[in-house]
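Protein chains: 2
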Amino acid sequence: MDILITGAAGMVGRKLTDRLCRTGTIGGKTISSMTLFDVVEPAAVSAPWPVEARAGDLCDPAEIDRMVAAKPDVIFHLAAIVSGEAELDFDKGYRTNLNATLMMFEAIRAQSYCPRVVFTSSIGVFGAPYPEIISDEFLSAPLSSYGVQKSCGELLLMDYSRKGFFDGISIRLPTVMIRPGKPNKASTSFFSNILREPLVGKEAVLPVPRDLRHWYSSPRATAGFLTHAAEVDLDAVGPRRALTMPGITATVAELIEALGRVAGQDRVALIREEPDAFITRLVSSFPTRFDPARAIELGFVADQSIDEIIRIHIEDELGGQLG
Amino acid sequence: MDILITGAAGMVGRKLTDRLCRTGTIGGKTISSMTLFDVVEPAAVSAPWPVEARAGDLCDPAEIDRMVAAKPDVIFHLAAIVSGEAELDFDKGYRTNLNATLMMFEAIRAQSYCPRVVFTSSIGVFGAPYPEIISDEFLSAPLSSYGVQKSCGELLLMDYSRKGFFDGISIRLPTVMIRPGKPNKASTSFFSNILREPLVGKEAVLPVPRDLRHWYSSPRATAGFLTHAAEVDLDAVGPRRALTMPGITATVAELIEALGRVAGQDRVALIREEPDAFITRLVSSFPTRFDPARAIELGFVADQSIDEIIRIHIEDELGGQLG
Numbered sequence: 072m073d074i075l076i077t078g079a080a081g082m083v084g085r086k087l088t089d090r091l092c093r094t095g096t097i098g099g100k101t102i103s104s105m106t107l108f109d110v111v112e113p114a115a116v117s118a119p120w121p122v123e124a125r126a127g128d129l130c131d132p133a134e135i136d137r138m139v140a141a142k143p144d145v146i147f148h149l150a151a152i153v154s155g156e157a158e159l160d161f162d163k164g165y166r167t168n169l170n171a172t173l174m175m176f177e178a179i180r181a182q183s184y185c186p187r188v189v190f191t192s193s194i195g196v197f198g199a200p201y202p203e204i205i206s207d208e209f210l211s212a213p214l215s216s217y218g219v220q221k222s223c224g225e226l227l228l229m230d231y232s233r234k235g236f237f238d239g240i241s242i243r244l245p246t247v248m249i250r251p252g253k254p255n256k257a258s259t260s261f262f263s264n265i266l267r268e269p270l271v272g273k274e275a276v277l278p279v280p281r282d283l284r285h286w287y288s289s290p291r292a293t294a295g296f297l298t299h300a301a302e303v304d305l306d307a308v309g310p311r312r313a314l315t316m317p318g319i320t321a322t323v324a325e326l327i328e329a330l331g332r333v334a335g336q337d338r339v340a341l342i343r344e345e346p347d348a349f350i351t352r353l354v355s356s357f358p359t360r361f362d363p364a365r366a367i368e369l370g371f372v373a374d375q376s377i378d379e380i381i382r383i384h385i386e387d388e389l390g391g392q393l394g
Numbered sequence: 072m073d074i075l076i077t078g079a080a081g082m083v084g085r086k087l088t089d090r091l092c093r094t095g096t097i098g099g100k101t102i103s104s105m106t107l108f109d110v111v112e113p114a115a116v117s118a119p120w121p122v123e124a125r126a127g128d129l130c131d132p133a134e135i136d137r138m139v140a141a142k143p144d145v146i147f148h149l150a151a152i153v154s155g156e157a158e159l160d161f162d163k164g165y166r167t168n169l170n171a172t173l174m175m176f177e178a179i180r181a182q183s184y185c186p187r188v189v190f191t192s193s194i195g196v197f198g199a200p201y202p203e204i205i206s207d208e209f210l211s212a213p214l215s216s217y218g219v220q221k222s223c224g225e226l227l228l229m230d231y232s233r234k235g236f237f238d239g240i241s242i243r244l245p246t247v248m249i250r251p252g253k254p255n256k257a258s259t260s261f262f263s264n265i266l267r268e269p270l271v272g273k274e275a276v277l278p279v280p281r282d283l284r285h286w287y288s289s290p291r292a293t294a295g296f297l298t299h300a301a302e303v304d305l306d307a308v309g310p311r312r313a314l315t316m317p318g319i320t321a322t323v324a325e326l327i328e329a330l331g332r333v334a335g336q337d338r339v340a341l342i343r344e345e346p347d348a349f350i351t352r353l354v355s356s357f358p359t360r361f362d363p364a365r366a367i368e369l370g371f372v373a374d375q376s377i378d379e380i381i382r383i384h385i386e387d388e389l390g391g392q393l394g
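Line order of the protein sequences matches chains A and B.
Be aware that the first sequence starts at 72, since it is given in the working numbering, and climbs by one per residue.
Be aware that the second sequence starts at 72, since it is given in the working numbering, and climbs by one per residue.
Check before you lean on any hint, since a few could be wrong.
Given that identical chains are not distinguished, each listed pair holds provided it fits within a single copy or across any two copies.
Here are the simulated EDC-like pairs of lysine to aspartate or glutamate, each with C-alpha atoms no more than 20 Å apart in a straight line [stated by the list, open to error]:
| hint | residue 1 | residue 2 |
| --- | --- | --- |
| 1 | LYS100 | GLU112 |
| 2 | LYS234 | GLU156 |
| 3 | LYS234 | ASP162 |
| 4 | LYS234 | ASP160 |
| 5 | LYS253 | GLU177 |
| 6 | LYS142 | ASP337 |
| 7 | LYS273 | GLU123 |
| 8 | LYS273 | ASP131 |
| 9 | LYS142 | GLU386 |
| 10 | LYS234 | GLU208 |
| 11 | LYS273 | GLU386 |
| 12 | LYS234 | GLU158 |
| 13 | LYS100 | ASP131 |
| 14 | LYS100 | ASP238 |
| 15 | LYS163 | GLU345 |
| 16 | LYS234 | ASP131 |
| 17 | LYS234 | ASP362 |
| 18 | LYS163 | GLU379 |
| 19 | LYS234 | ASP387 |
Calculated directly from the structure, the hints in this document are not laboratory data.
Owing to the predicted nature of the structure, the values given are computational and were not obtained by experimental measurement.
Please construct the entire structure, taking both the sequences and the accompanying hints into account.
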């Protein structure tokens, strides 16, 4: 199988790449080559098959045509401008998150073959007011440009799949936590920061009230969603190709309690409150409780608890040791 | 007030134009000029203000810029490739229904003013399976390219409105019946045909089973939705700018019964069954029962009955006399 990953240099892209390099297969078929694409060159990976890591502009039609001309069997389309940046730079968000996605879909259609396309969407496709629990039939009425761009991408993927131009699935990821590395421009970056930084003895800033609730999944579970999305039988999914992934709901206070349980109260003391109205307003508009029945039925598996998410970070990023 | 109507040569565009020429105002403000745009030149209208009727290609950015440069106070964006044609010609549907709509929104944004934009959407944004009655919170998962294009238009309008680039509202029209004139390429055209043709003593073809249910509104009520959409206070609407319009639900059998009641059984005998699998499949995918609570609360008013819809046609199109 030939694999293409856009946004491969991002955190989710790296986790996915690592997972594929470990398993070596998708749906029982052996991976034979891999193209990693991003705006910055993805880091080298060690794999028993040829890997092309390439930096380029996703908004350049020639780049997209070039990637798709190789007719990859599975295309993971992860590349996106994150929510906070898409809200601040309207044109950049639409160019990358909507126009380039549509160009990608058109390039696939032009090749007249039928790859599996896995598109990462977001719970940002939903907008308040919400019911207490969001079902798989709740409307998409986003309150951010990012959410609108992702929602349009889902609709286009649904249509291109129905028409047989490719076999696509959109997976609405929870906020991925704990993100390794440095904070990015996502408005939800602080959720990771307030756990990751104290785990290595550093201070972290909490910009929102402690009773703010959110919906999370670990990088490990998230990479699992992606590979499962590449493998799952989509005939069983039917024409509705956008699936809300299972996750864990918790307040900021509950995150901090879990941090205390797993790593000790001295770590909790490293969190400093510094309210930010812009971030609070944007993140408050995200939904917090779901009943992702379709995804669970199709075998997508969430983390068990926030404690487990913290332990996964310690195992996968800190070599099993607190810093 | 300066008014722009795209798709002005279409049936709904003409009904809207006529209504505005009769009332002379929108929201209590006097109309001062009108631009009517379509792919064919809209028919001349008699109005006490300057009217520019213009034929052009909506997909030409220069045409759009030209229309919007005049900074119309109200833009009725009705122009679209109809459902059946958009399903058969994928590229044409996307070019007109999605790309040109986005170009229109961008042109308005570039003018840095804030007109009212009324976008005609459709119940085709919904896709089966449905609940028994579709609420205002039911997801948009279209089973036609037309539905996807309209749904994306709704999402974009919501975002541009939230950002303050214009003050927009999408109204999801029921199938308009009875359409005057000749059949068009809409897959729903036969609903009108089986009533309109017998009313003037002509045969009509019924391509679907009689128990097929659908959701209708008269041309008169539809023009009323449009003018109300231009007048209604959108602060009360909030960020969710796509509203399902109220209509009447009825089966084909019920349409035919109403025809018999209003015009006599000899008219019913003019309907000839000629099953068409393509039309039946496409129209069966449309939803049939709604609870359009938000629109009703905002003062949008539906027809009373199918009998009334037939009588409106006889009044407005046949001079009050059966042909």
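Okay, the hints, checked on the actual structure:
no.	hint	result
1	LYS100 - GLU112	neither (27 Å within a copy, 58 Å between copies)
2	LYS234 - GLU156	between (33 Å within a copy, 15 Å between copies)
3	LYS234 - ASP162	between (29 Å within a copy, 12 Å between copies)
4	LYS234 - ASP160	between (33 Å within a copy, 12 Å between copies)
5	LYS253 - GLU177	neither (34 Å within a copy, 35 Å between copies)
6	LYS142 - ASP337	neither (53 Å within a copy, 61 Å between copies)
7	LYS273 - GLU123	neither (36 Å within a copy, 67 Å between copies)
8	LYS273 - ASP131	neither (40 Å within a copy, 56 Å between copies)
9	LYS142 - GLU386	neither (36 Å within a copy, 60 Å between copies)
10	LYS234 - GLU208	neither (22 Å within a copy, 27 Å between copies)
11	LYS273 - GLU386	within (18 Å within a copy, 78 Å between copies)
12	LYS234 - GLU158	between (32 Å within a copy, 10 Å between copies)
13	LYS100 - ASP131	neither (31 Å within a copy, 47 Å between copies)
14	LYS100 - ASP238	within (17 Å within a copy, 52 Å between copies)
15	LYS163 - GLU345	neither (29 Å within a copy, 52 Å between copies)
16	LYS234 - ASP131	neither (25 Å within a copy, 27 Å between copies)
17	LYS234 - ASP362	neither (29 Å within a copy, 30 Å between copies)
18	LYS163 - GLU379	neither (36 Å within a copy, 51 Å between copies)
19	LYS234 - ASP387	neither (41 Å within a copy, 41 Å between copies)
In summary, the numbered hints that this structure violates are 1, 5, 6, 7, 8, 9, 10, 13, 15, 16, 17, 18 and 19.
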